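*Asks:* Residues per chain, in single letters:
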Amino acid sequence: MSAGGSAQFLPPALVLVSALAAVIIFIAGEARQRLRITVNLAAALLKLALVIWIGLAVLAGEDFRYSFELVPGVELILHADAMSILFASLSAVLWLVTTIYAIAYLEHTPNRARFFGFFSLCVSATMGIALAGNLLTLFVFYELLTLTTWPLVVHDGTPRALAAGRSYLRYTLVAGVLLLTAMIWLYGLTGNVVFTPGGIVAPLVETERTALQVIFVLLIAGFGVKAALVPLHGWLPKAMVAPAPVSALLHAVAVVKAGAFGILRVIEDVYGHAVVVELGLQLPLIAVASWTILIGSLLALREHHLKRRLAYSTVSQVSYIVLGVAVGGVLATAGGMVHLVHQGLMKITLFFCAGTLGLLLGVHRIEQLDGLGRRMPWLGVSFTVAALGMMGMPPLVGFVSKWYLATGALAAGLPWLVAVLIGSALLNAAYFLPLVRRLWLADHAPLEDVPVAINRISRLALVATAVATALLSVALGLFAAHPLSPLNWVLAIARSYPS
Amino acid sequence: MSGWLNALPVMLPLLTAAVFARRGRARSLAVIIAPWLPLALLVPLWQADASAAPVLLLGLRLGVDAFSAPLLLLSALAWTLAGVFARGAIRRGQMRFWVGWLVSLAGMSLVLLAADLAGFYAGYATLSLASWLLVIHARSDQAWHAGRVYLVITLLGEMAVFAAVVAIAAGHGNVALGSIDALPLADHWRWLALAGFAVKMGVFPLHVWLPLAHPVAPVPSSAILSGVIVKAGLLGWLRLVPPGIEHGIELAPVLFGLGLFTAFFGVAVGLLQRQLKVVLAYSTISQMGLVLVLYALMLAGGSQEMAPWLGLLVLHHGLNKAALFIACGCAPGRGWLRGVLVALPALALTGAPLTTGMLAKAGIKQALATSSFGAGWATVLGLSSTATALLLWHFWRLARADRKYRHVRPAWVVLVLSALFVPWAWLAIHDLDAHLLGGLWAASWPLLLAAGLIALLRGLPRPPALPAGDLVILYQSLARYVVTVLGRIAGLQGRALPNLHPVHVRLNARFLDLEQRLTALPVAGLLVLGIGGLLWLFAR
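Residue numbers (the working numbering), protein chains in the order written: chain S, 1 to 499; chain H, 1 to 540.
FYI, nobody ran anything at the bench for these hints, they're computed from the structure.
From a predicted model like this one, the values you see are computed outputs, not experimental measurements.
Idealized CB from N, CA, C, for every residue including glycine.
Hints may be right or wrong, so weigh each one.
Distance windows between CB atoms, simulated [to be verified]:
id	chain 1	residue 1	chain 2	residue 2	range
1	H	E246	S	E62	26 to 34 Å
2	H	M95	S	N455	48 to 56 Å
3	H	Y481	S	A419	21 to 29 Å
4	S	L59	H	L15	30 to 38 Å
5	H	G178	S	E75	52 to 60 Å
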């Protein structure tokens, strides 16, 4: 079912589009604002178009594979399957929105060329992760993502930002070493780790049981750092000192998602869910995910800094993905995978709102939210929608994820997980509802506008992007049963795995 | 007729609520049409076609059946009239009032019309959260407290419902509500559903939010909370644990007992209250006990034939209770006309001869007669009427003392009249036999007994007042105790941080330490190695 040669350029093109944009932005330099904005937007739109093209082709049953031999026997593979499209389309859509937001947010500040250059490189790396066809390719792009994100985290250059950047590098580079070890070991055992639904290590379970277990733990720990599994999450709340578009990138578009996506690939396409169960690794992984879900929420509860609270909420929510995939079965797997998209939409909305409030009104703490809903109603509504979605309120996207995770847990014979999900929903209510209450029901505290040189169009863009993602998180929940919804996309993926 | 009309009662309130975001003329127009929107509920009742929107939610289906029909009628009437009253009565905080009002209405409509599991849950969750806005409307300290109690207990109840809902969906997908009676389901999930919806109904010991919420909510909000919204809990029972399920006969005795206990408990605590709306709240709790009794009898009987009688009971209570709550906003103590307008629904609730209450009681007695519970319980039911009469006498005396001048609103009069006649019309339409003449004595003796008791006890000193919400104090101190003990066990002093709720202080101290330890990189590394080692041991 291979496509004709003409379309085989698509996977590398997807990766190269933003890399090329980055090169142009770097060369153009700081002063040429118009060119930079044009290139940014054009690249984002082009990428979205390419993702849609490739997605429709994959839907029609075409197969894209592009391989490139580094040295004999070691090859990089870019391969578009349904799961690649899931992650790639999420990133492409959210990257477009984030680019618009970032232009509005940052175009009055220094060092924009550096910022947008690395920003594009990040997304390029993310596309590589989405399209990686074997473990080596995934690893290469994963590390590339680490390196290209660092300049964004420390963008402000303040001591706090630098400290956050150091912490980020320590965590992720150690993780990289773990990954590298695991990968070399696994290549030694199997020869080549090409992603295959159902996994490739099943023949080794008898002979190399212990090795496979250790490798699995190393892989999960390596990807778990970016996915912010507790206790590997320490870098994420610190990194919130970065500008809001970076937070969006970290929490929704690329970084955290890359970790979760890596875990997804390891469980489904390297080991295979059945082998994970066979090796006795399923329950420990479920336990880690559940623990992360609850602890993340409890930690969020005690934060009174808006963006830090949101960061801990990410810690908790991203583990829904890990939980669903670890539980296995069609329902839970779909619930976990679809949360990749759903969490991204809701969290990016929340960070957009938090960022805009911080930029325009100097709001950073929860107490400062009082009465702002009336002052900025569109922003308030977007924030409210996303917060309610996080709680799992129907008909928003969070509800759809929760529904599939809970039914999946029950179908897999793990009813206590419903208690975990319910506990998490209640904790989400405990730390999001007070914010909503402050926005709309508290009396307005007089706040001065922060004097920033932002024109009207930029102000509009800051709000419009949040409204757009909020609308998407309503629409994808309301139309969850639509044949082209992410839910049905992941259901098809989940059904394709050998049960 | 086309099926999309079924969606009108859900869509129209939401669209109107959106209009409230704009100030000026759009908003004043919205205030004019908002009260009339519940009438859209009559459309699906009229056309009675099922409709499906397979791309919405998880495959949304809408329809009307024997359980939802009386509730549709009740909601259309009571919600509209309360809304008309509200338009004149709500002067401050219009936006939060009407947004809460309309979103609650949309949620209720979805609860009533949904024919699939996910749609029903979606409506229920929306209704529960939006009603909170009705409770906290005044934004006084009392209102915030009532709102917090409401929210905590409601979210807990909703989560219990969610667990039961996904338990059904795990095996069978997003099933049609009508088919749940035939599905196998473990009893503990059923109990979760029953407990979750019991929160909304105000069944003992989950009733604590009602007496706190009613006195602080605006009059029209109390009217629909008590008259209509509590019945969403009943519909929840009927949907998720419908009569006809396998183990119905085993669940029934506990529910029957709990219902009777709630009926008397509500009266006993209500008699010790001094506030008009609190007394009515306890009366609602007591009456919901009777609804639970009839539901338990239907479960035991295992058939849905009694549905029209249940509908009658619901219509009777909803309309009369809404009328009494509206009365609280109309100076019920002034003049004979207002006296009559208070007395009519009050008498009906006591089940006096030839009132709609007598019809409702007749329904319960018929169900009892055909059940395995024994006819002796009929006397206990009669005694519950005596109890209700005592409580409403207490209400009457408080009401007649309230003479602050306000207009008699037409909505009140219409509500009293519809409470007087609509249940009779329901009886006629469904061709129910109430054994009117034979039941006269059964309806009379409890009231005579009550009159005797009132005459006898007249000279006694006033009993001490009990705080509204009774058990809530117990729950709160229990929660505080648990948190404190946990803090002690963990050996942590409550490091006081500013602006924190006492509960948070403990949590804070606990997790501040934990988090600081966890995020130190070496510790994280060691933990990973440790967990890895453990996994290795575990897997061997």
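*Asks:* Please go over all the hints and tell whether each is borne out by the structure.
*Replies:* Hints and how they fare:
Range check, H:E246 to S:E62: about 50 Å between beta-carbon atoms, so the 26 to 34 Å window is missed. Taken as a hint, the range 48 to 56 Å is violated for the pair H:M95 and S:N455, whose Cβ atoms sit roughly 31 Å apart. One distance hint, 21 to 29 Å for the beta-carbon pair H:Y481 and S:A419, holds here, with the actual separation near 22 Å. The supplied range of 30 to 38 Å is met by S:L59 and H:L15, whose beta-carbon atoms lie about 35 Å from each other.
In this structure, H:G178 and S:E75 meet the distance hint of 52 to 60 Å, their C-beta atoms being roughly 57 Å apart.
Comparing the model with each earlier hint shows violations of hints 1 and 2; every other hint is respected.
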